[in-house]
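Enquirer: Residues per chain, in single letters:
There are 2 protein chains.
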Amino acid sequence: MTGALENLTVLDLTRVVSGPYCGAILGDLGARVIKIERPELGDDSRQYAPHINGESTYYANLNRNKAGVTLNLKHPVGRQMLLDLVKQADILIENYRPGVMDRLGLGYDVLSQVNDQLIYGTITGFGQYGPYADRPGYDIVAQAMGGLMSLTGQKGGPPTRSGNAMGDILGGMNLAIGLLAAVNARRLTGHGQRVDIALVDSVVASLENAFARYFESGQVPPRTGNSYASIAPYDTFQATDGHVVVACGNQRLFEVLCQELIGHPELIADPRFTTIPLRVLNNEALKVYIEEWTGQLTVEQVVEQALGKGVPAAPIYDLGQIVHDPHIAGHRQMFVPVDHPVIGRMTVNGNPIKLEETPPVIEQPAPTLGQHNAAVYGELLGLDATRLEELAAEGVI
Amino acid sequence: MTGALENLTVLDLTRVVSGPYCGAILGDLGARVIKIERPELGDDSRQYAPHINGESTYYANLNRNKAGVTLNLKHPVGRQMLLDLVKQADILIENYRPGVMDRLGLGYDVLSQVNDQLIYGTITGFGQYGPYADRPGYDIVAQAMGGLMSLTGQKGGPPTRSGNAMGDILGGMNLAIGLLAAVNARRLTGHGQRVDIALVDSVVASLENAFARYFESGQVPPRTGNSYASIAPYDTFQATDGHVVVACGNQRLFEVLCQELIGHPELIADPRFTTIPLRVLNNEALKVYIEEWTGQLTVEQVVEQALGKGVPAAPIYDLGQIVHDPHIAGHRQMFVPVDHPVIGRMTVNGNPIKLEETPPVIEQPAPTLGQHNAAVYGELLGLDATRLEELAAEGVI
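Just so you know, the sequences run in chain order A and B. For any residue, its number in the numbering used here is found by taking its place in the first sequence, counting from 1, and adding 34. For any residue, its number in the numbering used here is found by taking its place in the second sequence, counting from 1, and adding 34.
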């Protein structure tokens with residue numbers, strides 16, 4: 035077997051982060067993913083730094099394990115070529131704004147007539163319906179309107195963007211879940227369907243208990259820095275050489291912390307700290323006791339002592355520490371070398387979905403623009419070199 | 035049809051956020067999800083605020099669409115009952131530390147002999163193997179060691195935790211993807227397999243281009259506040275009544291911004307700003323021009339003017355604005371009322387995975403502890419009321 039999804043062929047028309055991340059997941063898990071880009075420019079993210087030998091490693095990370103072809107969907111011949119590819123595909127994903135594919139004569143109603151087995155996935159800022167559907171949506175828009183920025187940041191500080199394109203990542207993952215659910219449903223219904231993912235919806239759903247707090251109290255939850263509104267102690271604490279994480283999610287861990295680590299067993303019966311909600315309420319007072327302990331130790335010492343007693347604790351890694359960590363980079367293989375035809379030897383992010391019998395495999399580097407035109411159009415559409423030269427000259431590929 | 039996954043039965047032994055979020059996704063999409071909790075205490079998150087009528091709405095949000103039973107896995111009769119349930123299940127998920135299920139005599143090797151079709155999903159801080167596998171892992175540990183905190187926060191400020199349990203959410207979503215990929219693979223191989231998700235891996239994979247930047251430059255990426263290291267302008271900007279997001283992900287949008295919004299068409303040819311990488315490099319200088327414009331307008335005016343020209347822009351919503359927004363709360367149904375037997379009428383988060391033919395449905399409130407013992411054990415194990423009373427008296431359920 036080449037992977038859990040080796041029976042699936044995916045046409046990936048998406049650009050930038052959200053859709054490409056979804057396509058990469060499917061490719062890592064064994065699907066045949068064909069990335070379709072406009073001629074000449076390709077995906078916008080080919081312009082995004084960093085570049086090595088003129089090729090974007092930003093693009094190369096998110097588009098590994100995909101074959102790459104160019105296709106001008108505005109050209110009638112290009113449109114027909116897409117229809118011919120759709121006949122042989124299980125899944126098509128796109129992240130144009132709503133209506134763009136319809137105007138190209140390639141909307142879901144057309145494609146599903148060509149292949150009623152097709153599962154058609156869309157990912158947009160706001161989804162396919164509703165008053166904001168036509169608004170353009172980038173990750174930062176979703177982080178802003180989905181509420182994540184309002185919750186992230188220091189107490190009293192400004193709303194803060196997650197340091198990655200988290201809205202895009204959440205959206206791409208939701209699309210992957212929706213597509214695979216539709217693959218299961220196809221066996222029950224006998225046909226494909228459309229999956230509609232909005233970045234904003236994806237951010238909203240990720241906020242878990244924050245809305246529960248709003249609905250219960252009617253109060254807008256404020257930013258709380260690194261503490262958590264539902265559990266305490268569960269925060270960063272000052273050590274001699276930086277900040278360290280200590281987290282006690284249940285009563286037993288709190289008791290171990292008081293008795294065996296910070297040397298304050300009397301806090302267990304202290305009326306300010308007898309339940310998790312009380313500890314949340316009196317978090318600042320509790321933090322003083324904990325920092326009496328952490329403040330005399332290095333981060334490494336705190337982590338070692340806490341883990342020795344079974345209390346969750348961690349250093350705050352920067353990216354250099356992560357890529358050299360023996361567990362994360364070593365055993366979990368979260369960074370994978372590939373040989374890119376232009377970039378050369380490079381490292382892409384590993385895949386976190388460890389299926390034991392059919393594990394994710396990352397071997398194929400991202401395509402240069404149109405790299406697989408001959409291979410893909412030859413195999414799937416029966417086009418020969420002469421015809422491909424004509425199509426290139428006509429601006430179709 | 036009742037949903038895309040209506041043919042699947044899931045045993046959900048998970049606690050707190052990561053696993054329960056995965057189980058809720060599967061339940062929303064139509065799977066039959068049976069949440070299995072220890073007698074008397076149940077899931078740790080039943081202790082997490084907020085509470086209404088003594089029941090946690092934190093728990094209730096993450097466990098809707100599940101039937102709830104109690105079961106003491108340390109009791110030999112309880113263990114046998116789980117084995118009998120496994121015979122009728124497609125999927126089992128758990129987030130104990132590695133080895134706990136083995137010590138209970140309920141490891142994957144045992145369960146797969148009872149039912150070779152079983153797909154067994156685990157979610158832990160660090161995964162099932164590697165030197166840190168035995169460490170306890172909470173969300174904040176994964177955010178810290180996975181690099182998200184090192185990237186999030188203001189320039190020169192401290193590392194910052196995402197304002198939600200993002201590591202748990204990412205882990206739960208990766209588990210859902212892995213399980214559904216394994217459902218597909220089961221048709222190819224004829225049997226189930228184990229899926230191993232680590233919160234830390236999930237956070238690492240979510241950082242998309244950040245590692246590409248590290249590998250290219252060898253420099254540890256610093257925190258950049260609300261700006262983005264790969265695109266500019268793409269940030270928050272000061273308006274008269276707050277901050278507003280404006281984001282130009284390609285050349286065309288940048289030209290529209292300069293020409294039609296900020297009144298500085300000369301910037302298009304300015305050598306500091308001619309490409310996206312140059313604009314990232316000279317982001318601060320560019321921001322001055324943009325804030326000349328935003329600084330004279332309200333957030334609403336900036337958004338209206340920008341969207342009028344097709345330039346992505348957004349207000350930064352707080353949670354109160356989101357739950358009253360006609361698009362998000364209205365058309366996209368991202369908040370759903372359910373009637374909980376103890377809490378009463380309450381609102382849970384909607385599901386962002388909009389399958390058009392088999393949409394997610396949220397109707398069933400989270401269970402009170404052991405609420406469905408009679409229904410589930412009656413139907414699946416053939417136990418009658420007398421036997422259930424005995425089992426309760428013996429501490430099995």
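It cannot be assumed that every hint is accurate.
Intra- or inter-copy, both count: the list cannot distinguish identical chains.
[To be verified] Under the rule of at most 27 Å between Cα atoms (straight-line distance), these lysine-lysine pairs were calculated in the DSSO-like manner:
1. K189 with K321
2. K343 with K108
3. K121 with K321
4. K343 with K321
5. K108 with K189
6. K121 with K189
7. K343 with K189
8. K108 with K321
9. K121 with K343
10. K121 with K108
No lab work stands behind these hints, which were simulated from the structure alone.
Enquirer: Now, for every hint given, state plainly whether the structure supports it.
Expert: Taking the hints in turn, this is what the structure says about them:
In this homomeric assembly, K189 and K321 come within 27 Å of each other (Cα to Cα) both inside a single copy, at 15 Å, and across copies, at 25 Å. Proximity of K343 to K108 under the C-alpha cut-off of 27 Å is restricted to the inter-copy arrangement: shortest distance 23 Å between copies versus 64 Å within a copy. Taking the shortest Cα distances, K121 and K321 never come within 27 Å of each other, neither inside one copy (61 Å) nor across copies (48 Å). For a Cα distance limit of 27 Å, the shortest separation of K343 from K321 inside one copy, 19 Å, qualifies, whereas the shortest one across copies, 50 Å, does not.
For a Cα distance limit of 27 Å, the shortest separation of K108 from K189 qualifies neither inside one copy, at 50 Å, nor across copies, at 44 Å. In this homomeric assembly, K121 and K189 never come within 27 Å of each other (Cα to Cα): the closest approach is 54 Å inside a single copy and 50 Å across copies. For the homomeric pair K343 and K189, neither the shortest alpha-carbon distance inside one copy (31 Å) nor that between copies (36 Å) is at most 27 Å. For the identical chains of this complex, K108 and K321 are neighbours neither inside a copy (61 Å) nor across copies (36 Å), given an alpha-carbon limit of 27 Å.
Taking the shortest alpha-carbon separations for K121 and K343, neither the intra-copy value of 59 Å nor the inter-copy value of 37 Å comes in at or below 27 Å. Within a single copy, K121 and K108 get their C-alpha atoms as close as 19 Å, which meets the 27 Å cut-off; across copies the closest is 53 Å, which misses it.
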